[in-house]
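Student: All chains, full assembly: derive it from the sequences and hints.
If you're matching them up, the sequences are chains A and B in order.
Quick note on our numbering: the first sequence kicks off at 1 and runs consecutively.
Quick note on our numbering: the second sequence kicks off at 1 and runs consecutively.
Wrong hints could be hidden among the right ones.
Covered stretches of chain B (chain A as the covering partner; in silico rule of three or more C-beta atoms under 8 Å from a C-beta of chain A) [what the hints assert, rightly or not]:
1) 639-652
2) 669-677
3) 1016-1022
4) 1037-1044
Facing chain A, from chain B, some residues (calculated, C-beta under 8 Å) [as the list claims (entries may be wrong)]:
5) Asn618
6) Asn888
7) Gln937
8) Ser940
9) Ile941
10) Leu942
11) Arg957
12) Lys958
13) Asp959
14) Gln969
15) Leu1012
16) His1047
17) Met1048
Just so you know, the hints here were simulated from the structure itself, not pulled from any lab data.
A virtual CB, placed ideally from N, CA and C, is assigned to each residue, including glycine.
If you want the building blocks of each chain, they are given just below.
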Amino acid sequence: MEHYEQPECVGNPSFSIRSAYLKISLNLIISGTKRLKRKYSFSPDTFENQITRKLVAEMHAEQIETVHSIRVDLFSGTLSDPALSDELSEIDIRFTWNDYHPNSYLAVQAKRLNGAGATLAGPYVKEGVMDFIDGKYSRGHNYGIMLGYVLSKPINKAISAVKDALQKRKSTTNETSSFEIDGIIEYPLTYKSVHNQKNDEMTEIIMFHVFVDLSS
Amino acid sequence: MLTRDESVKIALDSAGFLTDSGDFVEGLVNADKANKDYEISLRHHLIIDESQKETKIDFIYETPTTVRGRPGHPCIYFKIVDDISAQQQAKQIRKRVWNSGRAPVLWLITPTQVRIYDAFARPEKDEDEESHILDVLRLTSDGLEGVEQFRRELFDTGKFWESDKGRLIDRNQRVDVSLLDDLWDTERILTHDNGGIPVHIAHTLIGRAIFMAYLWDRKIITPEFLNAEFEHSNIKDLLTDKKQLYKFFRWLRSTFNGDLFPIKENEEDLVDDFHLDIIRKFFDGTDMSSKKINDNKISFQQRLWPYNFDIIPIELISSIYEMFAHSKDPVDARAKSIHYTKLHLVELVTSLAILDLPDDARVLDPACGSGVFLVDAFRRLVWKKRFKLGRTPNRDEICHILLNQIHGVDIEQGAIEVTAFSLYLALLELDESFTDPKDIKFPKLIYHPGCEGDYHPVLYNQDIANTEHVFNQNEPFANRKFDLIIGNPPWTELNKDTAPRDPENPETGRQWLLEYCQKNNIPHRKPDQAIMGRVRDFASANTRIALIVSSRIFYQLGTGGKFWLSSFLEENSIFMAINLSDISEENILFGGKKHGGGRGYPGMPSSVIFYNPQPPDNDSYVTYICPKWYPLIKKRGEIVIHPPDIQIISLILLRDKPYLWKIAFLGSQRDFELIEKLTRNPTLKEVLNEIGINDKKYCRGYIKGNMSKTATQYIGYPNLEAEEDYKYSINSKELPEFQYKVLERPRNADIYKAPLLIVRRSLKGIETRSAFTLDDTVYSTTYVGFSFDGVDERYAHRINAVFNSKLTLYLAFMLGRELVWSRRIIEDSDWLNMPLPKSILNLDDNRWDEVINIENKLCKSWRLLSSPEIKELEDSLSKIICNLYGLNEDEHIIVDDMITYTIDLYLNRKKAKTKRKGIKHTTLNQLQRYADKLCKQLNSILEFEGKKLIYTVYDIRKDSPLSVVEFKQVSQTTSNLKNSTTKIEGLENLLIEISNNLQNQISERVYVWGHLRVYEGEHLYIIKPSEERFWSESAALNDSDAVIREHMEAVNGTL
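Tutor: Structural data, given as structure tokens:
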């Protein structure tokens, strides 16, 4: 039986909300990180979940001080993988606009990176990017965000390591457009790669990679 | 004089039923077209029957546009007549239209005038052509004079019912109400007065007589036939001759075969001429309530037109008859099930449930009562078949549907007999080839123990919970082959003394349903909830189940205090729920006499749930529809649904957050988000526990009840009872002394020990009430008290301030389990679950200083201050308290608007219209505030693309049904456009036109009143009814959310 279709929307919604929403989300991450850096210092051993919790609090604080208002959550629940129902995955941050639809969100997956020593670029791709590609979360979505907490300098080295890791796993990540710098927002450490998601419809997903310098 | 065609064209055009190009507006159909449409013909085929040329209706108008291609509510029947014959013909037409019970208004169009009748008014025996006429409009080539009061849009918008003419139409005269009253009075006279007969004989006598009248009105039995066989030429005369009448009854039984009411033992001895005379009077159109007794003789004062049983909807006959047939004992019947499911509720459920099922679908009603759902399903399946075949199905095909696709079970023998009777009537209606009584043989439908021959019973007089009965082994039960399980199962709690026993062993048989409840931990042994589970045994994963149940399912706790519905949802997927609780008190769902119990009765909160018996997956959604009360709902008798009443919600979310059923019933996603935030705070119970107040020190107050326990220990204490009205503080010295020596539950003395915080369980006006006292005080069950004996009383004052605030009222409505749906009570468990600001536990937190300062002022002088002074202090208090919960500006708005519009409308619905803010006409200022808020929300996002929205508010007349605001996306930097207000000539007429097309129909008498967001390039027009509640700031927040959703989910439903 079909659901009731709400007939109150007529025509094609054509305001610039979609693209603006992406920008406000990315900007909020950046401004939240700036606040975070002012308040806290992190070592390369800091767990990413500790950072993320603080970051979300700072993003909330940022929104209270500005007129910008979108819903941002620490994602507290778990999503079951439709293909592997016994496997659970967690999104770190979720921007959402529809409380009643669990699949309506823009996901942010945060991973630690280092400019020195073990860069952690491998886990960044295998445990981060791949979760989007496998459709563990953001299934059917056209956008996803990877957030790299760079905990030791030099930051460029961490970014290069990610680029290499992605290049190495090009076929596994179904990459259709390679990792390149992107100007969607005025933040120089924003990159973009494009992949085909491994779900039934082979959705194309644009991944924004945002790297933030949290080294002390 | 105008020609026939000219007069029709001018009349329809003048009243707005023709488009500019002269075509019919949507919703207006002629008889030919109506006959070709599945849904319209289902409802109206009898009134547009070609064989009744004189009275056949020519046009039907139903409110336009449909959801999924179905037609609208029948508002008006049109009949073209000649002037000369109008008088006599009008009476005949009136009579048939009244008997059909569908249209409230009838237009008779003549070449010189249009006569508009109140079609719900019962025709009287001696009425003339002026009786029940609403108006006579003169028709000339220039148009229809005075048509302004009857224009189409007035019906579409419901404004007609507010007019002087509309108010004349009395729904209480409708055929269903009249038939119910007359049957009720007939039964009463037959059974109660001099020489009363047993009620089961009265029932079968009435049932057989109705069948006889049906055959007569359908002309299946003719005067010639009666004369030849039974010595009388009409049925009224036959009713004067007991011997011939019973000969006729025996002939009916042997001729029609089947399971028609058998002649009971001793029946012929008990029934005498008096009883037959009463039956005859009933059929003769006597108003049975006008009985007078003089010198032991019964006479009746009023004569009305007799019923036409060939045109009264069969579902109506059976549904009303159910009230009588459901019990063998009239006293028991009155206590048990004195109601019937109104036809439009039956049609709502069946039309939605059966809509996309194939014509070979198998249907089961597990507690079929009189079979009203089965009859409706049967008719729909036959009509589906007809449209599939492109011709009328023949008798074999119709009987095949009846014998293979329609199945019912009921524990009452009488009910099963009425079901068979109703299905036979439906068979006669659906198979037009039934014209010769000798040609008719009904199939046997009812299972009889021991008769397992070659017939296939479809009706079982048995308890659906009986797992050992033969029906469990028969198809389609055995292999779960039902496509649809539908019905309105009983709701009344079962107990050992009264729960029905196995009907095949009524004295000592097992109480199957009660046992099922016990085995499956059904809360309070409610049979509807038991049947929701039991029917799974006959269903496959794809079987659709549609049941009318008590709305208690949304708040009732089951085993271990878990919400029962949450447990149910672990195994079942509800895909649609229509929560009718808000309109239950208006008697538009169930009809009948005002007695409690049974299946839903008038006033009992009910819901319709549609589900599949399989666990939900992560992508499962439920369409949750919560139609709301509106003024004149009783008059219109229609369920109107606004888009905010419809929410599509993740089923997993509803399962895991059961209070969302309540939040979505009242509010929006913003309310859900806010409640999620608020409930992260500690509850009162947790706070009390933290400060050392255990559950021995709080409780509901004493119950007087059966006065079985001594209460002398409290004599002399101050006593607080229901009539006392305190807020903030109680001066216990002013209270009367407690004087009861005995009580049913006196309660433990610890709960009365000061310092005390006492909260009221019921609302006072539109407020929650809490008060503090320093004296030991006894209180009744109207209150819940918390003793702060030995605890810092500053905590009590903090809680006192919070509980008297607006936020607590909001929380009570959102989280209170029964408040709004069932009773206007905030239960002790609701109070204990009330979230309090985390900081309440920190006595050093100086943010509370101002709270205590104001609370103390109000404690001292609440009774002395003027209303504006109290308001000022309470507004300040509420604001600070909201801040202590961390509410932001938008969340303040959400709380304020919920109270101002939704809660106010709920609590003040009986008050004058001017006092109900929510439905007042919106003002220009309010539209501007709305537009400002919406722009602020969306501009905070759009600025990231260098864009902004500006708005134009349209200044419209106060009588416009709709208001409109236009938004335009422009560049932040290059555009000079500013927000503006404008007035456009003729806009109101355009809005009226739009409003006509905004009302979509789900099923008969159930509408969706459309709100519209029209996107055109970089413009957005928001069009909604001109009521304040739809243009509030919280509505702006919700609409901005909707706009964001529409943009974000425009591609593949996701970002």
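Student: All hints, please: hold or fail.
Tutor: Status of the hints after comparison with the structure:
Three residues within the 8 Å Cβ limit are the bar, and the segment 639-652 of chain B against chain A gives 7, so the coverage statement holds. Check result for the segment 669-677 of chain B against chain A: holds, 3 residues qualifying (beta carbon to beta carbon below 8 Å, three or more required). Three residues within the 8 Å Cβ limit are the bar, and the segment 1016-1022 of chain B against chain A gives 4, so the coverage statement holds. Remark: the segment 1037-1044 of chain B is confirmed as covered by chain A, as 4 of its residues place a Cβ nearer than 8 Å to a Cβ of that chain, reaching the required three.
Taking 8 Å as the C-beta contact cut-off toward chain A, the hint placing Asn618 (chain B) at the interface holds, the least distance being around 6 Å. Look at Asn888 (chain B): its Cβ gets to within about 7 Å of chain A, closer than 8 Å, so that hint holds up. Interface hint status for Gln937 (chain B): upheld, as the beta-carbon distance to the closest one in chain A is roughly 7 Å, under 8 Å. For Ser940 (chain B), the interface hint holds, since its Cβ comes within 8 Å of a Cβ in chain A; the closest pair sits about 5 Å apart.
Of the supplied interface hints, the one on Ile941 (chain B) holds, with its beta-carbon coming within about 5 Å of a beta-carbon of chain A, less than 8 Å. With its C-beta approaching chain A no nearer than about 5 Å, Leu942 (chain B) sits inside the 8 Å limit, and its interface hint holds. Because the smallest distance between the Cβ of Arg957 (chain B) and any Cβ of chain A comes to about 24 Å, over 8 Å, the interface hint for this residue is violated. For Lys958 (chain B), the suggested interface contact is broken, since its CB lies about 24 Å from the closest CB of chain A, more than 8 Å.
The restraint placing Asp959 (chain B) at the interface with chain A is violated, with a minimum CB-CB distance near 23 Å, outside the 8 Å limit. Hint on Gln969 (chain B) holds. Least Cβ distance to chain A is approximately 5 Å, under the 8 Å limit. Nearest Cβ of chain A to the Cβ of Leu1012 (chain B): about 5 Å, under the 8 Å cut. The hint holds. Proximity of His1047 (chain B) to chain A holds as hinted, the smallest CB-CB distance being about 4 Å (cut-off 8 Å).
At a threshold of 8 Å, the smallest CB-CB gap from Met1048 (chain B) to chain A is about 5 Å, leaving the interface hint in force.
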